[in-house]
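Peer 1: Sequence:
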Amino acid sequence: MPMNPDLEKERQGGTFDVEQLTHILDGGRDKTLKRHFLEQEVLKDPVFRGPDTRFLSREELFGELLRKHVAVIKKTQELSIDDINEASTIYSAAMNNNVGPLTLHSVAFVAPLDLMADDEQKKKWLIPAKKYEIIGCYAQTELGHGSFIRGLETRADYDVNTQQFVLNTPTETAIKWWVGGCVAVGDIGPKFGFGGVDNGYLCLNNVRIPRDNLLAKTGKVLEDGTYVKPENPKVVYGSMLGIRAALPKVGAYNLSKAVTIAIRYSCVRHQSEIKPGCGEPQVLDYQTQQHKLFPLLATAYAFHTVGVWMLDFHSTVMNEINEGHYHRLAEDHVLAAGLKAVINWKTHEGIEICRFSCGGHGYSLASSLPVIYVNHVANSTAEGETVILLLQTAVYLMKCVIDLEQGTPLDPSVAYLDQSFSKSEQWCSDVDMHSLLKAIQFRSKKFTEYVSSFVKKELMATGNQQLAFNKHKVILVECAKAHTEAVIMNAFVTKVDEILQSNPSVGKVLSLLCQIYGVTEILAHSGDYIQYEYLRKIDLDNIQDQLFKLYTYIRPEAVLLVDAFDFHDEVLKSILGRYDGQVYENMFKWAKASPFNKQDQGTFRKYIQQLKQAKL
Numbered sequence: 033m034p035m036n037p038d039l040e041k042e043r044q045g046g047t048f049d050v051e052q053l054t055h056i057l058d059g060g061r062d063k064t065l066k067r068h069f070l071e072q073e074v075l076k077d078p079v080f081r082g083p084d085t086r087f088l089s090r091e092e093l094f095g096e097l098l099r100k101h102v103a104v105i106k107k108t109q110e111l112s113i114d115d116i117n118e119a120s121t122i123y124s125a126a127m128n129n130n131v132g133p134l135t136l137h138s139v140a141f142v143a144p145l146d147l148m149a150d151d152e153q154k155k156k157w158l159i160p161a162k163k164y165e166i167i168g169c170y171a172q173t174e175l176g177h178g179s180f181i182r183g184l185e186t187r188a189d190y191d192v193n194t195q196q197f198v199l200n201t202p203t204e205t206a207i208k209w210w211v212g213g214c215v216a217v218g219d220i221g222p223k224f225g226f227g228g229v230d231n232g233y234l235c236l237n238n239v240r241i242p243r244d245n246l247l248a249k250t251g252k253v254l255e256d257g258t259y260v261k262p263e264n265p266k267v268v269y270g271s272m273l274g275i276r277a278a279l280p281k282v283g284a285y286n287l288s289k290a291v292t293i294a295i296r297y298s299c300v301r302h303q304s305e306i307k308p309g310c311g312e313p314q315v316l317d318y319q320t321q322q323h324k325l326f327p328l329l330a331t332a333y334a335f336h337t338v339g340v341w342m343l344d345f346h347s348t349v350m351n352e353i354n355e356g357h358y359h360r361l362a363e364d365h366v367l368a369a370g371l372k373a374v375i376n377w378k379t380h381e382g383i384e385i386c387r388f389s390c391g392g393h394g395y396s397l398a399s400s401l402p403v404i405y406v407n408h409v410a411n412s413t414a415e416g417e418t419v420i421l422l423l424q425t426a427v428y429l430m431k432c433v434i435d436l437e438q439g440t441p442l443d444p445s446v447a448y449l450d451q452s453f454s455k456s457e458q459w460c461s462d463v464d465m466h467s468l469l470k471a472i473q474f475r476s477k478k479f480t481e482y483v484s485s486f487v488k489k490e491l492m493a494t495g496n497q498q499l500a501f502n503k504h505k506v507i508l509v510e511c512a513k514a515h516t517e518a519v520i521m522n523a524f525v526t527k528v529d530e531i532l533q534s535n536p537s538v539g540k541v542l543s544l545l546c547q548i549y550g551v552t553e554i555l556a557h558s559g560d561y562i563q564y565e566y567l568r569k570i571d572l573d574n575i576q577d578q579l580f581k582l583y584t585y586i587r588p589e590a591v592l593l594v595d596a597f598d599f600h601d602e603v604l605k606s607i608l609g610r611y612d613g614q615v616y617e618n619m620f621k622w623a624k625a626s627p628f629n630k631q632d633q634g635t636f637r638k639y640i641q642q643l644k645q646a647k648l
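Under our numbering, the first residue of the sequence shown is numbered 33, with each subsequent residue one higher.
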């Protein structure tokens with residue numbers, strides 16, 4: 033199909049090389065080429081073709097996605113892929129915004145075996161699990177219990193005589209729930225999303241398993257029932273930590289998809305008249321639409337940057353743990369918790385804003401925005417509910433205040449808490465990203481000190497830390513959010529500084545996005561900056577003006593910035609977000625292809641006839 037003239041014009045107005053930015057996002061030209069190769073391996077293979085999953089029932093969807101997921105596994109094995117990013121490329125190209133039924137096998141079953149099994153156990157389970165000779169599930173959450181691990185009711189009693197653990201779920205609330213991949217026991221029914229995943233329940237009644245089945249790399253039970261603790265007890269959470277560390281990048285990926293769809297469609301769609309007789313302008317020319325989408329575009333880039341950084345940091349920490357060094361495990365845990373919580377919450381809010389910005393067509397599954405939303409929103413509760421993770425981050429920050437008072441060095445990600453921040457000079461309407469970072473870090477520091485003073489006062493009055501925390505949980509959560517935003521902004525600024533040195537034209541555009549992200553964050557919490565006397569009303573007025581100027585700078589770059597995410601149409605699977613912009617013709621084709629239009633709707637005639645004949 034020919035290119036939509038609006039999008040064609042948009043792509044002629046940029047100031048940077050899209051391909052170079054794509055290489056930066058992928059981590060280098062070679063990785064972009066490899067991603068393209070892997071996508072084509074999927075897209076040209078007829079086994080991955082099938083019905084449009086948006087028209088399928090839940091039963092049909094599960095069957096189709098299971099078929100495709102098996103094909104993904106075979107393709108990965110055929111190409112000898114062992115890199116997780118390359119495997120993810122094949123998966124994403126095949127699954128069309130859906131989650132495959134076997135996803136949790138690799139994420140939540142194989143990963144813990146790799147981390148926590150000893151050498152003999154790896155031979156017994158890990159190798160066959162990687163080959164899919166055995167398929168596992170993840171059964172932690174109970175019907176009545178989730179994040180509070182110590183409150184779980186499932187029992188594992190050790191029988192010394194048989195050297196077996198006897199497993200029981202003694203109450204209804206102890207029944208294992210949301211078990212991913214557990215189909216033989218029972219399905220928990222329809223969900224908001226994840227239609228292709230057979231989340232199940234699991235009841236245990238005197239189920240016996242051998243003592244040697246307890247993963248024993250870090251901790252073990254001796255024959256007499258004595259438990260030998262790991263050197264660092266927190267290492268047992270390593271498998272869950274790995275999932276949390278990966279979820280920020282997942283959030284960035286899903287938000288990037290949504291904002292690509294919304295910005296492309298906002299250039300194709302024309303609406304109303306600003307000047308009578310001058311035609312309908314593109315929707316993206318309206319400042320209100322820019323105010324919805326440009327901060328989200330900046331956020332997608334910020335989340336991608338910190339998501340990559342988080343994965344690299346976590347990988348480094350896990351390598352150190354394998355060598356017996358645990359000194360950065362606490363920082364890794366807190367970073368993963370805070371970023372997972374903030375990014376995935378903001379992502380599902382952002383996807384919904386993108387849907388709203390597409391008007392009525394955004395509600396249609398043809399846009400794929402509802403599909404992206406329902407399959408992403410689970411990430412705000414899976415692997416740790418948002419508030420609980422933020423409270424864990426806040427507890428760490430309260431400890432940092434004590435460390436500062438005692439002269440104990442802080443971890444690098446919180447080192448700014450030990451910096452002195454002078455009140456800003458009057459801000460003009462062109463504040464650079466480093467000044468914005470400084471302001472965001474200042475707010476986090478002041479918020480941490482502010483909350484700590486309340487917690488200390490309550491602790492002195494009650495002598496009970498849990499009571500002290502419970503009374504101030506709302507501001508503890510806000511404190512954790514403030515710190516996490518400082519981490520995100522710091523990662524974004526650091527990366528943009530690096531790109532400015534190697535590729536000035538790309539770096540300049542990214543610095544504008546970085547400014548949009550920083551200004552938006554500051555304006556969202558303007559009251560705090562006034563309260564802490566860091567900014568004045570005139571400063572806030574100036575950066576509000578700056579934000580609107582930044583929108584005008586980004587406007588001609590917007591389509592190119594989403595093009596740089598480089599989503600193939602078959603991966604994006606959105607009629608509104610098509611690369612060629614041919615929305616309306618394909619929307620009509622898609623609607624006509626609906627199976628509903630090909631069926632004899634006898635039920636309609638049956639009941640309407642009753643209505644017509646009824647004496648009302």
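It is worth saying that the hints were derived from the structure and are not from the lab. In this text, a Cβ means the ideal position worked out from N, Cα and C, and glycines have one as well. Any given hint could be a false lead.
[Stated by the list, open to error] In silico DSBU-like cross-links for lysine-lysine, where the CA-CA straight-line distance does not exceed 35 Å:
{"no.": "1", "residue 1": "LYS154", "residue 2": "LYS261"}
{"no.": "2", "residue 1": "LYS162", "residue 2": "LYS378"}
{"no.": "3", "residue 1": "LYS307", "residue 2": "LYS163"}
{"no.": "4", "residue 1": "LYS488", "residue 2": "LYS478"}
{"no.": "5", "residue 1": "LYS431", "residue 2": "LYS249"}
{"no.": "6", "residue 1": "LYS569", "residue 2": "LYS638"}
{"no.": "7", "residue 1": "LYS41", "residue 2": "LYS540"}
{"no.": "8", "residue 1": "LYS624", "residue 2": "LYS581"}
{"no.": "9", "residue 1": "LYS505", "residue 2": "LYS489"}
{"no.": "10", "residue 1": "LYS478", "residue 2": "LYS569"}
{"no.": "11", "residue 1": "LYS252", "residue 2": "LYS155"}
{"no.": "12", "residue 1": "LYS540", "residue 2": "LYS505"}
{"no.": "13", "residue 1": "LYS41", "residue 2": "LYS154"}
{"no.": "14", "residue 1": "LYS378", "residue 2": "LYS252"}
{"no.": "15", "residue 1": "LYS307", "residue 2": "LYS156"}
{"no.": "16", "residue 1": "LYS76", "residue 2": "LYS630"}
{"no.": "17", "residue 1": "LYS478", "residue 2": "LYS378"}
{"no.": "18", "residue 1": "LYS505", "residue 2": "LYS478"}
{"no.": "19", "residue 1": "LYS223", "residue 2": "LYS162"}
{"no.": "20", "residue 1": "LYS76", "residue 2": "LYS624"}
{"no.": "21", "residue 1": "LYS63", "residue 2": "LYS155"}
{"no.": "22", "residue 1": "LYS66", "residue 2": "LYS630"}
{"no.": "23", "residue 1": "LYS581", "residue 2": "LYS307"}
{"no.": "24", "residue 1": "LYS540", "residue 2": "LYS488"}
[What the hints assert, rightly or not] What follows is a list of derived Cβ distance ranges for each label pair:
{"no.": "25", "residue 1": "THR635", "residue 2": "ILE507", "range": "27 to 35 Å"}
{"no.": "26", "residue 1": "PRO160", "residue 2": "TYR482", "range": "49 to 57 Å"}
{"no.": "27", "residue 1": "PRO588", "residue 2": "GLN641", "range": "31 to 39 Å"}
{"no.": "28", "residue 1": "ASP49", "residue 2": "PHE87", "range": "34 to 42 Å"}
{"no.": "29", "residue 1": "VAL506", "residue 2": "GLY221", "range": "27 to 35 Å"}
{"no.": "30", "residue 1": "GLU255", "residue 2": "GLU91", "range": "29 to 37 Å"}
{"no.": "31", "residue 1": "ILE640", "residue 2": "ILE507", "range": "54 to 62 Å"}
{"no.": "32", "residue 1": "SER537", "residue 2": "GLY221", "range": "18 to 26 Å"}
{"no.": "33", "residue 1": "ASP150", "residue 2": "ARG240", "range": "16 to 24 Å"}
{"no.": "34", "residue 1": "GLY60", "residue 2": "SER626", "range": "50 to 58 Å"}
{"no.": "35", "residue 1": "PRO160", "residue 2": "GLU255", "range": "49 to 57 Å"}
{"no.": "36", "residue 1": "GLN303", "residue 2": "THR203", "range": "44 to 52 Å"}
{"no.": "37", "residue 1": "SER537", "residue 2": "SER626", "range": "57 to 65 Å"}
Peer 1: Taking the hints in turn, state whether each one holds.
Peer 2: Do the hints match the structure? See the list:
1. LYS154 - LYS261: The given pair, whose Cα atoms are some 20 Å apart, holds under the 35 Å limit.
2. LYS162 - LYS378: Status holds; Cα separation ~34 Å.
3. LYS307 - LYS163: 64 Å, violated
4. LYS488 - LYS478: 15 Å, holds
5. LYS431 - LYS249: 30 Å, holds
6. LYS569 - LYS638: 66 Å, violated
7. LYS41 - LYS540: 22 Å, holds
8. LYS624 - LYS581: At roughly 43 Å apart (the allowed maximum being 35 Å), LYS581 and LYS624 break the hint.
9. LYS505 - LYS489: 14 Å, holds
10. LYS478 - LYS569: Measuring from Cα to Cα gives roughly 19 Å; hence the hint holds.
11. LYS252 - LYS155: 18 Å, holds
12. LYS540 - LYS505: 40 Å, violated
13. LYS41 - LYS154: 56 Å, violated
14. LYS378 - LYS252: Not satisfied, since the Cα-Cα distance of roughly 40 Å exceeds 35 Å.
15. LYS307 - LYS156: 73 Å, violated
16. LYS76 - LYS630: OK: LYS76 and LYS630 at ~29 Å, within 35 Å.
17. LYS478 - LYS378: Holds, at about 23 Å.
18. LYS505 - LYS478: The hint holds at about 17 Å.
19. LYS223 - LYS162: Holds, because 28 Å separates the two Cα atoms, which is no more than 35 Å.
20. LYS76 - LYS624: Given that 35 Å is the threshold and the Cα spacing comes to 26 Å, the pair holds.
21. LYS63 - LYS155: 32 Å, holds
22. LYS66 - LYS630: Violated, because 41 Å separates the two Cα atoms, which is more than 35 Å.
23. LYS581 - LYS307: Roughly 22 Å between the alpha carbons, so the hint for LYS581 and LYS307 holds.
24. LYS540 - LYS488: 45 Å, violated
25. THR635 - ILE507: 27 to 35 Å: Because 55 Å falls outside the window, the suggested range is violated.
26. PRO160 - TYR482: 49 to 57 Å: Check passed, 54 Å falls within 49 to 57 Å.
27. PRO588 - GLN641: 31 to 39 Å: Cβ of PRO588 to Cβ of GLN641: about 58 Å, so the range 31 to 39 Å is violated.
28. ASP49 - PHE87: 34 to 42 Å: Given a distance of about 39 Å, which is inside 34 to 42 Å, the answer is holds.
29. VAL506 - GLY221: 27 to 35 Å: 34 Å, holds
30. GLU255 - GLU91: 29 to 37 Å: 48 Å, violated
31. ILE640 - ILE507: 54 to 62 Å: 58 Å, holds
32. SER537 - GLY221: 18 to 26 Å: With a Cβ separation near 53 Å, SER537 and GLY221 fall outside 18 to 26 Å, so the hint is violated.
33. ASP150 - ARG240: 16 to 24 Å: 21 Å, holds
34. GLY60 - SER626: 50 to 58 Å: 43 Å, violated
35. PRO160 - GLU255: 49 to 57 Å: Given about 26 Å between the Cβ atoms, the range is violated.
36. GLN303 - THR203: 44 to 52 Å: 57 Å, violated
37. SER537 - SER626: 57 to 65 Å: 45 Å, violated
Of the hints listed earlier, those the structure fails to meet are numbers 3, 6, 8, 12, 13, 14, 15, 22, 24, 25, 27, 30, 32, 34, 35, 36 and 37, in rising order.
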